[in-house]
Each structure stands twice: as C-alpha cells, then as structure tokens.
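Respectively, the protein sequence lines represent chains R and L. Take the first sequence: its position 435, counted from the start at 1, is 435 in the working numbering, and no numbers get skipped. Take the second sequence: its position 376, counted from the start at 1, is 376 in the working numbering, and no numbers get skipped.
A few of these clues could be false.
[As the list claims (entries may be wrong)] Only part of the chain L face toward chain R is listed, based on derived beta-carbon distances under 10 Å:
(1) Met-1
(2) Glu-3
(3) Ala-4
(4) Gly-11
(5) Leu-94
(6) Leu-106
(7) Gly-171
(8) Trp-382
(9) Pro-406
(10) Lys-407
Don't read these hints as lab results, they were simulated from the structure. For each residue, glycine too, the CB sits at the ideal point set by N, CA and C.
Protein chains: 2
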Amino acid sequence: MIEAVQPELNGGRYRAKAIAGDQVEVTADIFRDGTQSLAAMLRLEDPSGAISEAPMRLVDNDRWSGSFSPVRIGRWRYTIEAWTDRFATWRRDLATKAAAGQVTELDLEEGVLLIEQRLPSLSKEARPPLERALTEMRAGGSAGSVASLRIAAALDTEMAEVMARNPDRTGSTTYPTLELTVDRERARSGAWYEFFPRSTGPEGEHGTFATAARHLETVAAMGFDVVYLPPIHPIGETHRKGRNNSVTAEPGDVGSPWAIGNHFGGHRSVDPNLGTLDDFDSFVGAGAQLGLEIALDFAIQCSPDHPWVAEHPEWFHHRPDGSIMHAENPPKKYEDIYPINFDTPDREGLWQELKGVVEFWISHGVTIFRVDNPHTKSFAFWEWLIDEVQTERPDVIFLSEAFTRPKVMRLLAKLGFTQSYTYFTWRNHKEELTDYLIELTRTDMVHYFRPNFFTNTQDILTEYLQTGGPSAFKIRLVLASLLSPSYGIYSGFEFYENLPLREGSEEYLNSEKYELRHRDWTKEDGTLIPYIRRINQVRRQNPALGLLTNLRFHETHNNSVLAFSKTEAGYEPILVLIDLDSVEQQEAIITLEHWIQAGTSGYRVHELISGTTHEWSAGNNKVLLDPRIEPVRIYRVEV
Amino acid sequence: MIEAVQPELNGGRYRAKAIAGDQVEVTADIFRDGTQSLAAMLRLEDPSGAISEAPMRLVDNDRWSGSFSPVRIGRWRYTIEAWTDRFATWRRDLATKAAAGQVTELDLEEGVLLIEQRLPSLSKEARPPLERALTEMRAGGSAGSVASLRIAAALDTEMAEVMARNPDRTGSTTYPTLELTVDRERARSGAWYEFFPRSTGPEGEHGTFATAARHLETVAAMGFDVVYLPPIHPIGETHRKGRNNSVTAEPGDVGSPWAIGNHFGGHRSVDPNLGTLDDFDSFVGAGAQLGLEIALDFAIQCSPDHPWVAEHPEWFHHRPDGSIMHAENPPKKYEDIYPINFDTPDREGLWQELKGVVEFWISHGVTIFRVDNPHTKSFAFWEWLIDEVQTERPDVIFLSEAFTRPKVMRLLAKLGFTQSYTYFTWRNHKEELTDYLIELTRTDMVHYFRPNFFTNTQDILTEYLQTGGPSAFKIRLVLASLLSPSYGIYSGFEFYENLPLREGSEEYLNSEKYELRHRDWTKEDGTLIPYIRRINQVRRQNPALGLLTNLRFHETHNNSVLAFSKTEAGYEPILVLIDLDSVEQQEAIITLEHWIQAGTSGYRVHELISGTTHEWSAGNNKVLLDPRIEPVRIYRVEV
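When you get a sec, could you build the whole thing from the sequences and use the hints?
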C-alpha cells in the first residue's frame, strides 16, 4: 500500500508547486500485510525527461519520506516505488535469532540463496563484499552447529549495504505518477510596484512609455523587483466613464484602461497616447537594465469599440433583441465593458486568440501577467492556457487577481496560477492575521497557493489606511513585505494617499482609473519613500524574508503587538515586532528561549530600521513601541 | 466543480459505510466560475439497481448538502449532479433590478424565453403556473415601461418552484460514482460474549455443542446479542501445545483451537470432541431461539496435520530443504502452526477454497465472522473475499481482530471489514480515552471504521484488570458498553478472573487456549453477572446507547472522573459518570446548562443502576463516586 502521498492535490488531478533549488520533500504511508521489511524509492523525471531516483526512509508509524532538489524549472514528474525487502527481512530476523542463540543451518542457507540471486546483476566492482560473505557463511558446519563467525559474516554491514543499493524489486508497487510545477525564484518572492504609465507625464499632460521609463529609476531605487502596469491598450470611446466613475465622460477624459479596445486596436495594441509598440519595447528594456520585470494586466474583456466585437460577435453574450450584453452586477451596470462568453460555440477560436495575446506580449519581453478577475472566466480555459504557455515558457508567471470566495481562490491556484492576491488586504488584527497566515503556511495550501500581499490596489483603499495616518502605512507595508515573500504596493501609497471616494467606500477619490494623477517623486521629505527603500533593502539582505513557510509567531503578552520571525539555515534569525494599534504606545514582552542555548545569559539584537544594537537577556525583554515615532522593530538576532 | 465530497474514501477507491435506516448526509464543495446560481442533486442507486434522487442545498461557503435514508442493505451507489440554474440566476438578478427600478422589456423577455423553453418538457398538470406567468409577463408594455404587475408575475414563487422542480440540466457535471456499504443494525451495535464451548462440560469433562447450547441461556439472560466462539475445528496433534503454552503437551491436553486441522478434517469440520456438524446446527438453532447470533472465528492457518498440508503443499512457505515453515515472530516460534503463503502460484485455488469455507459456515447459519489476525494475510484477499461474500449475503458481518499499527487497522476497515477490535482495551486514563474516542467519532474514521470495544479477550488480561479489583471490572464494562455501541467480554470476566500467567504478562494463567476451564454460572452471588445484566438492559432500553457519533464528553473538574453523554432525538439524554480511579473516592462537578432551557431552576435525573431519582440544579451539581461501593452513575436526564 502506498497512500496519503504529500504533495498530492485532489488525487493527482492538479500539480503541486515548488521553487527551483528548494529541497522538495515527498512523504507517504507505505506498508504491507504481515511483518516483512520494506524499501521505497522516489522516482523523478525532470522537464527534459531525464530519470533519477532518491531513496526514501521510514520516519515512523508507517510514514516514509524522501526528498530531491529540482534544478531545472518546468514540469517534473514524481512517483514512489516500494517493495518488500526480502534480504532486509531475513537479516532482521537472523539478528534476532542470533541474539536468542537460535540460528540454524537453514536460516543461513536462506540468506545464501538471497545473496546468490542478486550476485549476477551486480557490477564486478560491487561483488567482493557479497562473495566474501558467501564464502564465510558456507564455511564448515555440521548441521545444527552454526559458528558465530559464519553468523557475523551473514550480518556483515558492508554486504548489507551493497544488497540495499542493489535491491531485488520483484513485486514492487508503483504509485500513479504525480506532477510538480517547478518555478523560478520570482514566483515566490518579489517586491511589486503598480503604477499607471499615463500618470507619469508632466503635470496636466498624458504620460508615455518614455516618461514611465524615467519613473522606473525611482521604482528601482525604492528596491522593487516587479512593475505591474494596468492595461496599456487603446481605451474604448463608447460609454467611456468619466472622472470618479461618472457615467458620462467629459471631453478629454481618459477613460478606464480596463475598457479595452477601440479603432486603434485591442489586446495586441498599445494606447497611442502612451506611444508605439517600439516605445513599449524600449520601456521593457529600460526596466530590464534596472533589474525590473514588467508585469502586464491581462483583462479578458472588451470595450464596445474593441475590434473583436465586429470580428467575432459570437464571442459575446447576446440578448433576445440581438444586442450584446454589457457587464453587470445588479444593480451595478458596466456599459463600457462587454464580458466574453466562454460558452461560445467558437471556443477553439477564442482560446487560441487569447493564447495568442499572451504569446504576443511574451514576444515583447513580458514574463509576468497579472490576470484580472480570473474567477469570472472559464476555469477550464485557465488550466489550458497556463499549461500551454508554460510548456514553452516555464519562466512565465501568472498572478491571479481573484478577490472572491476561498474555495474559488484555491482552485485557481490549483489550476496553475503561479501566485494569488489574498485577503491580507483586509486582515488588520492580531488574531485574524495570525489565523490567516497559519492557513497559508501550515495547511496543504503551501503546496500550491503562493500569496502576494498587496497593501492597496487601484480599487482598494482600506479603511485602516484611510483613518490610521502615516503609521498605518508603515504597519501595512511591513506586514505585507515581511510576512509574505511576495508583496506589492500601488503608487500613491508612498505619499500616504488616503482619501476615499466617499465615506464607507474603498474606492480612491479622483481615482487614477478614470483620470491622470500627477505625483512628484523628487521630494522624499514627508513621504514613505525612504522607509520603503529601507524595508526592501532589509528583504534583500536577509534571505529568510524571501521564504514563506519559515514563518513563526511569538508571544508578546499584548494583543496589539504582533511578533513573528523568519529563519534560514546559515543566517541569523529575523524577528519582527509591530504595533498594530496605529495610535497608542504598546509594550511587548518577548522571550526567545527556544533559540538560545541553555546557560546563555544574554545575546545581542540589531534593530534594522534604526540601526541600533541592544543587549537582550535570556528571559523576558520589554519592547516599547510608539506608533507616533515608529510602530515597527526588525531585529537581526545574534544567536 | 464538484470537490471534497464526503463521504469519500481515498478518492472513491474504498466504500464508506452506513446502517440501514440512517440518514446519510452527502456534502461537497460545488461552485463554478462567474456568479451564476447553481443547483445540485444527489443521485442514488440502491442494491437492486433502482435509481432515485434527493435535492442538495447550499449550506454556506460553497458547501452543499443532501441526504437520503437507505432502507435496503447491500451496496449503494451515489453521485452528485450539479448544473448552472439559468432560471434562478435570471430571477435573482431580476429581483435586484426590480428593487433598483431597472427592469427593462429585455430583462422580462429573457425570462419568457427560459420559461417557454421548459414548458414542453413539463406534464400538463405542472404547466398552469408557468402559463399564467407567461401571459402576465407579456401583458401590454411599450418598450421601457414595465408595469409592476408584470414583474410580480415574473417573480411568482409558485412558478419558480415548478421551474426548480423541472430544471434544465443542460451542461451539468456529474461526479464519479461512489459506493456505500449499507449494513444491518448489528454491524454497528451489539453486545458480544466470547466463550470456549469445550469449557462448558461438567467439571473435568470436555464440553460439547450440547453443553454449550445450555450455556447460551445464561448468556442470553445476561443480555448479550452475539456469541463468539474460538475455532471449533479439529485440533492438530503435531507439536500440540500443553497447558500454559508449554511446548510439550501431556497426554489428554486439548491443544489450542487455533492449531486448526487434523486427520478428522480442517476448516470445514468440527472437533469430534464437540460433536457433529448436526450438533453444531442445533447449537446455532438454540442461539437463534434465544435471540443470539453465533460468530465463528476465521483463522487462516493450519496445524501440521491439516488436510491442506498434504493436499496443497504449494499453499505454504517452504524452506530450502523442502520443509514447510512454521509460524514465527523471532525469537518466538509457533511450531504447531503453519501460516498460509498468499504469494502461492495457486492463488486462485487458495482464494476459492477460503471463500468456500466462509460459504460453508454461512450455509450452517453463521452470519458473523471474527477474523483472526487479518493483518498478516493478503490485503487484496480480504477486499475480494468480503466483496464476494457480501454480494450474495450483505447481512454477513466481518470483525477484524487486528491489534496492529493504526494505518493498517484503518486500511482493513476500508477494505471491507464491518467492525474492528480497537486500542480501547489499553486506554485507561481520562485523556487517552477522550483522545481515542474523539478520533473514532470526530474524524473521517466515522465513515468506515466501526469499533467493537472488548474488555478482555482470551489473549488480553490487562494490568488494569489484574490489579484493580472488582471495581476495575465494573469500570471497564461500563466504558466498553456505553462508549461504544458494539462491545464484548470474554467469559471469566463475569467472575473477576484476573490472574496472569506471570507478572508483566497479559496472558491468563491456566489459559483456556490450552486447557478446559470449568465455571459455575448458577451462583450469581459475588459475581458481576447481575451488573452485566443491568448494563445490557440499560443499553437495550436507551436507543442513544446504540449509536457512536452521538457521543459527547462533559467537564467534571476532576481528572479521575470521566463524564459523557449520548442523545437521540425523541429520547431523554443519557449521562454517564465513571470514577476511573478504581480505588479512591472522587468528586465530580457537573453542569448541563446547554441542555436545559434558560430560566429553568432545576431538573430531575434518574440513576439507572441504583434506580434512584435526584433533583439537580441548573448550575453545578456535585456527585460523589466511591469505587468501593459503585464507581459508575448512569443518569437518564429529564430535560
């Protein structure tokens, strides 16, 4: 029996995920009837089809474990082969009988037969220990009296090791093959920055890829890894939305980039106001020079002016009068947007076209797609698309922007999305943060769901940020960036932008979705820019912060102070304390006794925001956090 | 998507279990992309192939539930069909739009089309509400103005119900079919009594089926339901074990019944000392008249004298010198027993013969088999055997006597064993009892593993019974019989037999496995018999005690006192308090506030052992338990 294999998603229906270079552990319940000894092997096939094996060992209670470290990115296959180890069984029983003085000629003879059977299949070099043992086991012996030297030869360790390395797998059982997506490091870890290229122009002017390219330097200097752009395509004119989501646009209103397509083109075109495709290529190149990857928005929807509407009316929903249905979420109407009908009879044409769009942007240097509302499109389509794209380009990353019900979010991750937006944005209190992070780091979600924690998005300005003042921005930044290896901010966050459209709304006032928004990044005073730069520096300097499942929470004896740590072999642990109450001073009491050696009276901690060093005692340490000054401590702990 | 279906064992690889007449609940995560409403149906096939359906409803968070009550025993099949409910989606959106005053002619027209589409498939009787609604929805109406009467007709509840009962399942998804073994009540609940028929003779004489039949009256009077007999077959002579497991038998020693077979026959024969097959049939008949079912031991092993050894030497393990291997568990040897080699090339012959043995005893009225050490025989064989037997005779019960590692015990239950021996026998303390019962009643084991709690067996006299005195016997009896709906004792328990073979051993001194053991059931004074009779009476009078998963533990504010309850709709709850410390008096404080209505000042409890009635307060109640007098309270609670 081989059962309860981990990782395994839905009985092998979906692929688990790993990062190249990680140690991937595979565990299983392996057992058989009776009392015979077993052996088991992990069998691996890398993306090129190369086969290898790694031994498994019994941990306890019929649970076995083996591991491997995939180097190549792409699709790996793995399975488990297990068999009855007749030699190990014989040897185990012989040792027991020897201890009880019960070894007979027949007992030895059974071992001789097992060894002789293996001998022919071994290389010449491997044989001597077996041949030696055979000679000694056979030496002399009238029936009944078995000399201890012969028994010792039968139990010889070197011979047993050769037998174990060359097992007789007759009657072995092999588990159905499972698959694993092995991604590059950026799939797990990265600092994301979202901005609208059109907002990077001089005040009052429409920005371009050229002005946006200049902004990339600021973004890189803040320490980000990925730049995410809202759709860069031509924007519809019909039913264009005006400022603050007004249903009537004024002349000059730029419209929502998510109303994709006009007479200049659709998903394969760029908004002429931003420049040309060549300009886009230059922008991507400028990013690459700064170490920035460009992530594009992939929003499968159209403005009424999108070329597909005329060319492929069958891809849309039609009403009884023949008109095309616009998007709605009653009583809300989105007349500037036509959703795609994935039940179209031209499924083949639609899917291929959408795949073509992704491939088109990949050919222009884009390797990351932030997918808009994937949960309102066909699940089967996503599974097919991501599989198709990653078969050719396993380095391409898909981020699921699905803020929906938990089971739907999880399924999208299982279907292949590399990363996912999360509920983090709305988790503010200690208990809800802890519960959610335990779900993300201690359940089987670790095998397939990679979180990307955004502090804010163009659609989400949380009440916590609206009302908490600058310390709230620091707190949310540090939570996002140090709890999760992938995190992001949407521009404006660095300027503490916190005005909602109206009370109770999470929409921004004068949202960039409907108008240009000028910002001046040259003056850092009074902004969060230096703080962001420092936090991203701390992330880069401490590899433990690039991991997720190494997260541990610590007692602080204060419900307003969250303490967590991340550790990585070979580096000093990082301990983070955050006053979640963005207003009041809070005191935390922290003990790290499980990290320090017994008998040590104290140790040193380095606070990485202030650059100060403190002597801590082996017992309780008091830390006072005043959010008006600094709500966060990030300690590198010298243990 | 239909996912995470419960019950489902190993992705449908094994059958879940239920009892005829139970309400079987099936739950699943059911969801789709987008926001459309869904509908789902549980589809059922009974053992005769008859198909039925039961509606499922959304519970919350994409979890759906449906239930059915299987009447016929045997193999049921079930699956889930789910589909997008286009009419419900339209109706939901129309209601929202109506509230916002946004309903257009087109909105109504879409509903008209959906209704018209269903109309032809409905019976004449079902149509009027739809026809009425259609007429009213179409009444009048220049474009743009939709009268409220027309909207009300579109939202008509009766019409919606007809549409829901006659859904358009186009594009539905059906889950792979799952199977369920539906057993009779005895599979879950029963009081078992084990005895050796050969010990029922007059003092010094070998008992027979006739003397054993007389003992059945005593057993029935004690309130038992099932009588389990150790093997009744001819006993081997070669290497016969003597008294107290001595390796040499003295003349007259009766040998172990598990050393099956001699020149009189094997698994299809009865030991001539017990009588004939006809005598056995009479014994079974006598049991039936008393309401007792006879359970036979099914031990797949042979004495060296078993006819199979000569007829089918290929069914056994052979050593290099051609001799047949006896059983061993180094350094222990069992020279009186030959294990079967399930890897025999004559697998077909062996399996068929074993099945023939079971069928043979079924034809002699046996419907329960207590299977000896099933974990040392082929897993595949058990799955095949039980499936084959129950296809013809779904009333046959198999009890797994596997005291082995947890995963092996669970697998045997999944393979088809109706019931299982458990670790209960060694769980004495409050925490370990609670933990184990929570595992049995609150994990997915409830779907396949049915415990049978034995206080003792011919092989297990626990230290607790050896040293705890009479109160220990009461405590273990009540724990076994009231925690688990199936429980059993091995004879001698009623006489407080507690002498081990030697200190530290769980074997009985002068074990009945190797010698006759005379007991006198006529004198009840100083025995546990009246107490056992009362406990079995309480079980029969209180249906809640026949169930397992209705178990709840209660706080007692004392680690030596276990309190638990069982409830069943329509009956008063049963509350049990047990002083687990068999020596010292203990005080428990018990509150039943979750059972009693707010404002009630008190209630009455009836103690079922003493027959006394007490007035309890709504708050804390003190109960003093003195094990020297009575370590147990069983209350029927008047709430």
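Outcome of the hint check:
1. Met-1: Interface hint status for Met-1/L: holds (6 Å vs cutoff 10 Å).
2. Glu-3: Interface hint status for Glu-3/L: holds (7 Å vs cutoff 10 Å).
3. Ala-4: holds, 8 Å
4. Gly-11: holds, 4 Å
5. Leu-94: holds, 8 Å
6. Leu-106: holds, 5 Å
7. Gly-171: Holds, because the Cβ-Cβ distance from Gly-171/L to chain R comes to roughly 8 Å (cut-off 10 Å).
8. Trp-382: Hint on Trp-382/L: holds, closest Cβ of chain R at ~9 Å, below 10 Å.
9. Pro-406: Cβ of Pro-406/L sits 7 Å from chain R, so the hint holds.
10. Lys-407: With Cβ-Cβ at 5 Å, under 10 Å, it holds.
The structure is consistent with each of the numbered hints, conforming to all of them.
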